[in-house]
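> If you read the protein sequences in the order shown, they are chains C and V.
Position one of the first sequence corresponds to residue 713 (the working numbering), numbered consecutively onward.
Position one of the second sequence corresponds to residue 713 (the working numbering), numbered consecutively onward.
For the record, the hints were derived by calculation from the structure and aren't laboratory data.
Do not rely on the hints blindly, as some may be mistaken.
The list cannot tell twin chains apart, which means a pair is met if one copy fits it or any two copies do.
Below, a list of computed lysine to aspartate or glutamate pairs in the DMTMM-like style, where the Cα atoms sit at most 20 Å apart [as the list claims (entries may be wrong)]:
| no. | residue 1 | residue 2 |
| --- | --- | --- |
| 1 | Lys1104 | Asp1072 |
| 2 | Lys827 | Asp878 |
| 3 | Lys827 | Asp1163 |
| 4 | Lys1054 | Asp997 |
| 5 | Lys1101 | Asp1031 |
| 6 | Lys1107 | Glu836 |
| 7 | Lys1101 | Glu854 |
| 8 | Lys1107 | Asp852 |
| 9 | Lys1107 | Glu931 |
| 10 | Lys910 | Glu729 |
| 11 | Lys910 | Asp900 |
| 12 | Lys1104 | Asp852 |
| 13 | Lys1029 | Asp997 |
2 protein chains.
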Amino acid sequence: MARQASLSGFTELLPAERVVELHVLDSLRRTFELHGFSSLETRAVETVGSLLQKGEIDKEVYAVSRLQGDDDERGGRTDPQQLALHFDLTVPFARFVVENAGYLQFPFRRYQIQKCWRGERPQEGRAREFTQADIDVVGDGELPFVYDVEMALIAAEALDALPIGDFVIRVNNRKLAEGFYRGLGLTDPMAVLRSVDKLEKIGADGVVAELRAEAGATEEQARAALRLAGIRTPDTGFVEQVRGLGVEHPLLEQGLNELAEVIGLASRRAPGKVVADLSIARGLDYYTGTVYETVLVGHESLGSICSGGRYDALAVKGDRRFPGVGLSVGVTRLLARVLAQKLAVATRPVPTAVLVSLADEDGWAAADDVATALRARGIPTEVAATAAKFGKQIKYADRRGIPFVWFTSIDDGGQARHEVKDIRSGDQVPADPRTWTPPAEDRYPRVVPGD
Amino acid sequence: MARQASLSGFTELLPAERVVELHVLDSLRRTFELHGFSSLETRAVETVGSLLQKGEIDKEVYAVSRLQGDDDERGGRTDPQQLALHFDLTVPFARFVVENAGYLQFPFRRYQIQKCWRGERPQEGRAREFTQADIDVVGDGELPFVYDVEMALIAAEALDALPIGDFVIRVNNRKLAEGFYRGLGLTDPMAVLRSVDKLEKIGADGVVAELRAEAGATEEQARAALRLAGIRTPDTGFVEQVRGLGVEHPLLEQGLNELAEVIGLASRRAPGKVVADLSIARGLDYYTGTVYETVLVGHESLGSICSGGRYDALAVKGDRRFPGVGLSVGVTRLLARVLAQKLAVATRPVPTAVLVSLADEDGWAAADDVATALRARGIPTEVAATAAKFGKQIKYADRRGIPFVWFTSIDDGGQARHEVKDIRSGDQVPADPRTWTPPAEDRYPRVVPGD
């Protein structure tokens, strides 16, 4: 990661870094599959028309067209059939659900781990090519609320299995915020959300001024909206605090009940990991109920590494509505921090545990027999390509991080004698290719805390 | 696969099909890692300049440019900085090696499993978006020949582990063919290769006519070139057959020795899977030594599903040359046939082995405790979202292919009593969430021969 990408925003990992990434991806996949999510991949391209369905594209989208096509084949940027690379996995998933509804069983649970592309100006945590790991549950017509609870629990479990240290999943609810603002008498809840979202940037007085100017709020209404945003509890204590603000609205009640159900059940299973945080505004404008954001403790500036929420209608097909709730882990964003600060490192860059050395060039087939016996028992093994001096072959293993070197000699009776050397300790012991096994911690590269 | 892709050439798999694809990808990854190959991913985009380095782009390339960029930012199609999606994994790998040579240990062994894109007209075995699984070994300055042998062995082992039936890896050698033609007195070996490659299409007489017209061959030279292309042996018998044609040339000798080494060692380990086939011409024009192609027996019309060869210079950096030898498995091409003809199918479309049922809505947390205990032992488990009638919950499991449903009741003493039902047989037995384990064949979806 010290290297400069040759194309800004398009990071490429070296083998040891890729071991860490694969570990993260494998771990996420395992958690998702243990929870019954099916793997899905959608194509990399969507039509601009499909990308536009969720409203204006405010992301920088990469258009795709045949290099050798005619000029008019390259597509105008307003042509809805123009192809473009997807910028997230939600829009493609919604399109997939509509196209394949007849082939799917609802509620449909899928995970999707793929690259996405955005032409934004690169900075830490924002690449032009990046990997997202999404899970969603989508229903046909309706989707029970308890899935909103399950999402928070799965996120906590999935992140807990990663080598990333402490994190906090912050949950809010659009109905709660909107109901509160309406109960206050404010009629443009989106405008209120947008202003409250600027709290860190422009401060409390700045938000109050903006709420008065943009959302038609009185000083008192503005201060009440800010008090709501100040509430944050690791349990359902937020309910009393909100009630204490003396605002009433049916939507507020519904939001309080929903958020209490998520926090109540989640704080039981993952105490301290899932909290109610009523300052969360981002995302509330496109989700319709629960909203999740996640920060790495000590790395809050990185932004959210796992976000999502509930949609009343993730997808629509005629008069058929598909509500959904889901989460997206920003794997590339997370990994950039993990690798840059060596929060986790690989024990070696290669899968190889054993190098079978060559005593002479004619010995390759016999050496490959040894390697085949080891591989048959799941031990990653390479055969040396040349019968260089043993010192040189050991050096080759050392340079690559291979912990063991295997030696075979033929004794006076014509019998093969095998020995294996741990090149870190120098210990060399007799070994049988049919039974010898490296210590568990040396079999595969592992991911461990960095220095 | 019966469905029509909504965008021609961009296939998307349904969950049960994706289980088969994941099985294939996991299996390839396992074989590659057991042989010491490191995982690598390169960015999806290259500059057109980089794609052009290997000569003319004869593939249909997809250009990539910011949709909302200025017109001149969209790039002319001759601008070498114009971005385009990669059409294979060899060109990006070569570029990566040059850029990162200082960070890599040579010989560098990597596998790379990624999507590629070509704007060609879609047909079976040729998609616009497709997955390739590549392995290459690349050296710095030199690369021992024994890696050419190893490649054939790894290919045989990797394909043997896939649910695809019989295959044959056909091996030829550019030096052998070129040396033979030169020994015959033909001075344009590329022209000869191009004509011989048309054997199936235009027949022997057609090739002879073309060799006379295009490659300046006599009738006798042309017939000799055809006789060479007719040689195919499962062992090193080809050497005698070629010698019997009475042609001599140093390059021919070198090619014979190289091919004999590959076939000799490979036919020992994988008899019948790796054969010498001197009719292979495709690929000989860009590889410099060994060439591999692979056909599925009974599906020869599909074309090669695993191809590759040796490059004297996979990459060049100043006066530093990186020779390489590698293979590419056409996963999408292979899978299209496997899925269309149901050569392999998934035992179920979901990972879930157990659905924990809900007796009443308040029981969700207790049910989730059961699920957590099962998942902790690696059993994929879902919790029902609503306390519908048990018959309905069983039906839900059945529709999704989940084999087991878990029931918890509270007995008169306030103790939880657990039972699990195999919904295929109807058998229901008492079970403990801390110890019960499904039969091994039911734990995860498996891939089995289709009907």
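> Evaluate each hint against the coordinates.
Evaluation of the provided hints:
| no. | hint | result |
| --- | --- | --- |
| 1 | Lys1104 <-> Asp1072 | within (13 Å within a copy, 69 Å between copies) |
| 2 | Lys827 <-> Asp878 | neither (26 Å within a copy, 34 Å between copies) |
| 3 | Lys827 <-> Asp1163 | neither (30 Å within a copy, 35 Å between copies) |
| 4 | Lys1054 <-> Asp997 | neither (36 Å within a copy, 46 Å between copies) |
| 5 | Lys1101 <-> Asp1031 | neither (75 Å within a copy, 28 Å between copies) |
| 6 | Lys1107 <-> Glu836 | neither (37 Å within a copy, 48 Å between copies) |
| 7 | Lys1101 <-> Glu854 | between (70 Å within a copy, 18 Å between copies) |
| 8 | Lys1107 <-> Asp852 | between (61 Å within a copy, 16 Å between copies) |
| 9 | Lys1107 <-> Glu931 | neither (74 Å within a copy, 56 Å between copies) |
| 10 | Lys910 <-> Glu729 | neither (36 Å within a copy, 46 Å between copies) |
| 11 | Lys910 <-> Asp900 | within (16 Å within a copy, 72 Å between copies) |
| 12 | Lys1104 <-> Asp852 | between (64 Å within a copy, 16 Å between copies) |
| 13 | Lys1029 <-> Asp997 | neither (22 Å within a copy, 52 Å between copies) |
Of the numbered hints stated above, those contradicted by the structure are hints 2, 3, 4, 5, 6, 9, 10, 13, listed in ascending order.
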